[in-house]
Amino acid sequence: MTLKIIVLIKQVPDIEKVRFDVETGRIDRSSAPAEINPFDLNALEAAAQIKEKVGGYIIALSMGPPQAVSSLKDAMARGADEAILLEDKKFAGADTWATSYTLAGAIKKIGEYDIILCGEKTVDGDTGQVGAEVAEQLSIPHVYYVSKIVDVSDKNIVVVSEMNDASYTIEATYPVLVSVTKDVNKPRLPTLKDKLRAMKSDVKVWHAADLEGIIDLNCVGYFGSPTNVHKVVIPQERFREGKIFRSVNEGLENILNVLVKKRLI
Amino acid sequence: MESYRSKIFVLTELRDGGFHPISFELLGKGREIAERLGGELCAIVMGNQVGKDACMELIYYGADKVFLYNSELFSGPNIINFKHNLVRLVEEEKPDIFLVGATHFGRSLAPRVAAALKTGLTADCIDLEVDEKGELIQIRPAFTGNILAHIKTKTKPVMTTVRYKVMNACPRNSKRRGAVIVKEAEEPRERNVKFVGKYGTRKLNIADAEVIVSGGRGLGSPDGFNLLKELADLLGGVVGSSRTPVDEGWISKEHQVGFSGNTVKPKLYIACGISGSPQHLAGMKDSETIIAINVDPSAPIFKVADYGIVGDLYEVIPLLIKEIKARKVRKC
Ligand SMILES: Cc1cc2nc3c(=O)[nH]c(=O)nc-3n(C[C@H](O)[C@H](O)[C@H](O)COP(=O)(O)OP(=O)(O)OC[C@H]3O[C@@H](n4cnc5c(N)ncnc54)[C@H](O)[C@@H]3O)c2cc1C
Ligand SMILES: Nc1ncnc2c1ncn2[C@@H]1O[C@H](COP(=O)(O)O)[C@@H](O)[C@H]1O
Chain V
114 MTLKIIVLIK QVPDIEKVRF DVETGRIDRS SAPAEINPFD LNALEAAAQI
164 KEKVGGYIIA LSMGPPQAVS SLKDAMARGA DEAILLEDKK FAGADTWATS
214 YTLAGAIKKI GEYDIILCGE KTVDGDTGQV GAEVAEQLSI PHVYYVSKIV
264 DVSDKNIVVV SEMNDASYTI EATYPVLVSV TKDVNKPRLP TLKDKLRAMK
314 SDVKVWHAAD LEGIIDLNCV GYFGSPTNVH KVVIPQERFR EGKIFRSVNE
364 GLENILNVLV KKRLI
Chain C
3 MESYRSKIFV LTELRDGGFH PISFELLGKG REIAERLGGE LCAIVMGNQV
53 GKDACMELIY YGADKVFLYN SELFSGPNII NFKHNLVRLV EEEKPDIFLV
103 GATHFGRSLA PRVAAALKTG LTADCIDLEV DEKGELIQIR PAFTGNILAH
153 IKTKTKPVMT TVRYKVMNAC PRNSKRRGAV IVKEAEEPRE RNVKFVGKYG
203 TRKLNIADAE VIVSGGRGLG SPDGFNLLKE LADLLGGVVG SSRTPVDEGW
253 ISKEHQVGFS GNTVKPKLYI ACGISGSPQH LAGMKDSETI IAINVDPSAP
303 IFKVADYGIV GDLYEVIPLL IKEIKARKVR KC
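Chains V and C are the protein sequences, given in the same order.
Each residue of the first sequence is one higher than the one before, starting from 114 at the first, in our numbering.
Each residue of the second sequence is one higher than the one before, starting from 3 at the first, in our numbering.
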């Protein structure tokens, strides 16, 4: 038996480069190249390592605009055997509930699976909610904040989950959803050969109609979303003294005064 | 019988037998919203052997009512047990607003509850406001802290997770009255994960620290942290780190501050040899006072610093340590 592993990935803008319009709060996505959400690289690497250990078949699944095909090809270079993009105008503007509802619908269409892997959070949406919401929609258990995969076999997986003041060893039978942190592994870079192979392989694209009968299409995208962004603002930075000293002695004197004022010395 | 126009739920969190401070912060905000809306504020306690007296504290800190569950089911962070019982309670009580702490536990649990109830959830809020229509505006950072989104929810209950240390608890008032209602926990039939045991305990909770002395790649080697530790000890603080030293294996990950580490809000944050990447700033830019030491005058960390020294940390910090020690001696 080989494990069937689904990895949820999202294409996001490179956060170091993306620009924001201070006046309107608008995000200029065209200002930055798009890439796989960094935390999802850890999820892909975890899938690749599980496959190496016990054998497996990896499906990368993403919901996003047509351009997201490039990130799914990247996922194939990083070990995915198959890639599916959920792309439709109807899916646009989804919040975490509608996103997880749509992803869960696609997973039901995929059918049998053992492990769903996802990243801790996305660098744009930044909620960390989609994974657990997918698990609930599928009525399967989930484990969050996984920093270590201790053991994996064709019957179960043992992981370490970071929870507040302690970490716990957790054992799960399949199917289960596992959300990983960046500490779980160091993602490998794909080789040139992997990249070339991935370039030639196909990404499947599923539209809303492909999920007809599996999910209620009134519940997807902007109109199916229980929350909506009503305004976006660039945060007002706190007032800062901004006293920067090039002379060490003068700087030290000021710092010592702060420490005294704060009663730290 | 008083009649309320709305109902607000707050999920408390237990830690080592007591309530985690986030519980009182949530009640503080919940009280404010309740006053605005003419609402009833209900605290939920899910634990094992929690006394009614302990629950009275929640009333003194603003709750009108406490739902108390005691069961083995809640002795560990078993999300499905909590979810199952919370969903039942929401279905019985029909709250309008439901606040949960944005801790690891809360962020793992709340989405599951929200998905089960088919309602909206807003993550990691740093502020909540009630608008003129009486609707809740949930304010949260997105895009790695670069923007603040104002979010409204169409469904009920409006669910949010709220970041630690951003809301204020009400002053304790032991004259406040309220009811503690004991509830029976039910065991879910859903398939679940198995808790094998504790893997480790966090030795450090950097989010609670009042003073943090952090080091970055500029330390050049793991030994640099010894110097920072000496300074932190003198100030009654702890050592923090940017991601680079953690990735390099110079220091353990519970010290990491930033987007993929801890969000902190100390009274004083000293950044040594840290450039100030957006991901680092996302975790510390709300600190009360920020001091930066960096050789590069163009380092972005200086843009958020109250005080900064353009200089070599290996020159500046030993001098700072020497001065602090000298003053301490003079005081004796
Ligand atoms: C998804 C994602 C999540 C991330 N999460 C985090 C996170 O949680 N936290 C985080 O910190 N980073 C995070 N990062 C990484 C982040 O992008 C930066 O790479 C990192 O913060 C840089 O760390 P640094 O400032 O220590 O190193 P650098 O950027 O290399 O800066 C080192 C600084 O030290 C100064 N310096 C050198 N020598 C000295 C000296 N002797 N004295 C004084 N100054 C000196 C240099 O001038 C320089 O400014 C994340 C990245 C991604 C993609
Ligand atoms: N549109 C999407 N398509 C596929 N996976 C997603 C999508 N959005 C979020 N995810 C997954 O859910 C995780 C958490 O995302 P978020 O809740 O947006 O922070 C991500 O790291 C992904 O693994």
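Calculated from the structure, these hints are not laboratory results.
Where a beta carbon is used, it is the ideal one built from N, C-alpha and C, also for glycine.
Be aware that a few hints might be false.
With a cut-off of at most 25 Å between alpha-carbon atoms, the simulated SDA-like pairs for lysine to any residue come out as follows [to be verified]:
| no. | chain 1 | residue 1 | chain 2 | residue 2 |
| --- | --- | --- | --- | --- |
| 1 | C | K205 | C | E232 |
| 2 | V | K261 | C | E232 |
| 3 | V | K261 | C | T246 |
| 4 | C | K205 | C | H152 |
| 5 | V | K344 | C | G238 |
Distance windows between CB atoms, simulated [to be verified]:
| no. | chain 1 | residue 1 | chain 2 | residue 2 | range |
| --- | --- | --- | --- | --- | --- |
| 6 | V | Q349 | C | E95 | 55 to 65 Å |
| 7 | V | L305 | C | K96 | 54 to 64 Å |
| 8 | V | E325 | C | G251 | 25 to 35 Å |
Here is how each hint holds up against the structure:
| no. | hint | result |
| --- | --- | --- |
| 1 | C:K205 / C:E232 | 18 Å, holds |
| 2 | V:K261 / C:E232 | 32 Å, violated |
| 3 | V:K261 / C:T246 | 19 Å, holds |
| 4 | C:K205 / C:H152 | 36 Å, violated |
| 5 | V:K344 / C:G238 | 41 Å, violated |
| 6 | V:Q349 / C:E95: 55 to 65 Å | 37 Å, violated |
| 7 | V:L305 / C:K96: 54 to 64 Å | 59 Å, holds |
| 8 | V:E325 / C:G251: 25 to 35 Å | 51 Å, violated |
Hints 2, 4, 5, 6, 8 from the list above are not met by this structure, while the remaining hints are.
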